[in-house]
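Undergrad: Each chain, letter by letter, is given below.
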Amino acid sequence: MIRTALVLAGLGLGLTAVMAQSNPIAERQQTMKAVGAATREGAAMAKGDAAFDATKAQAVFKTYADAAKKMPTLFPDSSKTGGETTAAPKIWEDQAGFKAAFAKFETDASAGATVANLDGFRTAFGAATKNCGTCHEAYRIKK
Amino acid sequence: MLLLRRLFVTLVLLAVVGFAGFYVLTDPRVVSPSPEIGALPAADVENGKLLFSAGGCTSCHATPGQDDKWRLGGGLALESPFGTFHAPNISPHTRDGIGNWGVQDFVDAMAAGVSPSGQHLYPSFPYTSYRLMPPKALADLFAYIRTLPPVEGKAAPHDLRFPFNIRRVVGGWKLLFFERAPFRPDPAKSEAWNRGAYLVNGPGHCAECHSARNALGAIVPSTRFAGGPDPEGKGWVPNITQSEKGLAKWSKEEIAELLKTGFTPSFDNVGGSMAAVVRNIAQLPEADRMAMAEYLKSLPAIEGPERPQAKAP
Numbered sequence: 000m001i002r003t004a005l006v007l008a009g010l011g012l013g014l015t016a017v018m019a020q021s022n023p024i025a026e027r028q029q030t031m032k033a034v035g036a037a038t039r040e041g042a043a044m045a046k047g048d049a050a051f052d053a054t055k056a057q058a059v060f061k062t063y064a065d066a067a068k069k070m071p072t073l074f075p076d077s078s079k080t081g082g083e084t085t086a087a088p089k090i091w092e093d094q095a096g097f098k099a100a101f102a103k104f105e106t107d108a109s110a111g112a113t114v115a116n117l118d119g120f121r122t123a124f125g126a127a128t129k130n131c132g133t134c135h136e137a138y139r140i141k142k
Numbered sequence: 000m001l002l003l004r005r006l007f008v009t010l011v012l013l014a015v016v017g018f019a020g021f022y023v024l025t026d027p028r029v030v031s032p033s034p035e036i037g038a039l040p041a042a043d044v045e046n047g048k049l050l051f052s053a054g055g056c057t058s059c060h061a062t063p064g065q066d067d068k069w070r071l072g073g074g075l076a077l078e079s080p081f082g083t084f085h086a087p088n089i090s091p092h093t094r095d096g097i098g099n100w101g102v103q104d105f106v107d108a109m110a111a112g113v114s115p116s117g118q119h120l121y122p123s124f125p126y127t128s129y130r131l132m133p134p135k136a137l138a139d140l141f142a143y144i145r146t147l148p149p150v151e152g153k154a155a156p157h158d159l160r161f162p163f164n165i166r167r168v169v170g171g172w173k174l175l176f177f178e179r180a181p182f183r184p185d186p187a188k189s190e191a192w193n194r195g196a197y198l199v200n201g202p203g204h205c206a207e208c209h210s211a212r213n214a215l216g217a218i219v220p221s222t223r224f225a226g227g228p229d230p231e232g233k234g235w236v237p238n239i240t241q242s243e244k245g246l247a248k249w250s251k252e253e254i255a256e257l258l259k260t261g262f263t264p265s266f267d268n269v270g271g272s273m274a275a276v277v278r279n280i281a282q283l284p285e286a287d288r289m290a291m292a293e294y295l296k297s298l299p300a301i302e303g304p305e306r307p308q309a310k311a312p
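If you read the sequences in order, they're chains A and B.
All residue numbers in the first sequence are consecutive under numbering that gives the first Met the number 0, ending with 142.
All residue numbers in the second sequence are consecutive under numbering that gives the first Met the number 0, ending with 312.
Check the hints yourself; a few may be wrong.
Calculated pairs, DSS-like style, for lysine-lysine (alpha carbon to alpha carbon, straight line, at most 25 Å) [to be verified]:
(1) K103(A) - K32(A)
(2) K248(B) - K46(A)
(3) K251(B) - K32(A)
(4) K68(B) - K32(A)
(5) K129(A) - K55(A)
(6) K69(A) - K32(A)
(7) K233(B) - K98(A)
(8) K79(A) - K251(B)
(9) K48(B) - K46(A)
(10) K233(B) - K89(A)
Simulated from the structure, these hints should not be mistaken for laboratory data.
Just so it is clear, the structure is predicted and the values come from calculations on it, not from any experiment.
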């Protein structure tokens, strides 16, 4: 009985993973949209267009860290083309470098997880968003 | 019989005259004469540094595979329909770089596309844009490059298909597509607009990627700034005219922001070689980025080539 339940649970987990992978291009585009939306909030605070709010600021870095963990899993070999993807072939030629880029993004994002004031936020936000350009330069084609 | 012989002689004569004409007209000194530089004031190295950033010289000339963007040893391979170009060493190394060049040599290369030995340079080196820079600006840029470290070693020679491997052919290309004239400001426009027009068209050489090219690799004037297939391979270079597909909805401030941080108004961040362009243009004063934006906002809307439809996921 217990064994059956475990097997079923295992199957269930596997199935969930498969479903998440069923449209990785759409999913990674969604993930990046969320990163863009967080950056919009963050930039408004960094520039002083919006009042600094520690909860919102920390949420920005949470979005970044979650994306950094999730993104490297969303590029299976079957997702090299289609769906207006702008993924560069280099992602699959240089998996190690690609994963390292997200590991660095995650580290930089974690540094902002506990920001409490505007100055600290600006520093962490600047460091985290530097990753956008460096990663896109290598692993994304123009569009 | 006599008629045939006359015909033959006429044809040979025509061929000789045609070849002689081609030979004379494609001579580097005839099709792209050396610019007069006259007496120049002492070089302004700071201005040279600004122009070096505006042109993004390191993007092509820095030695690939190392992080020092100021080591201009060359070697980057540029794939093209004509073969592979290799960016040369432009560090001030006296044997392998341009350490032995004089100001006139540098001006000839940048504004006329001619090497110190009097040969045509290939327009993969965008002298088609740099020619807009006046001799004074080029002398400043040259002075700045001379402050950078000399790098030993020559880059591989270009690997081009026949007939493109014959440099004289570039003379014919210049006859068709190259006009050697410096930038002329438009007195009816503002100072900022003129500064922007100069930076965008001259040192910034934006049109070199943001336009479609014809079968001979020349920019199609009617598509200037309207985008097209990425000349460096995969992808699509965006339209930067005032078309709805381009920058019609962007404010000047948003364009200047992209040129500084890489962020679009929807907080996407530009990729590919534009990332390096942003890093370089970010070194310019804010007023220069705003001037570039001012000029770009004045470009008439051009629809440009149709993007291929994306395949369904």
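Undergrad: Against which earlier hints does the structure fall short, listed by number upward?
TA: 4, 8, 9
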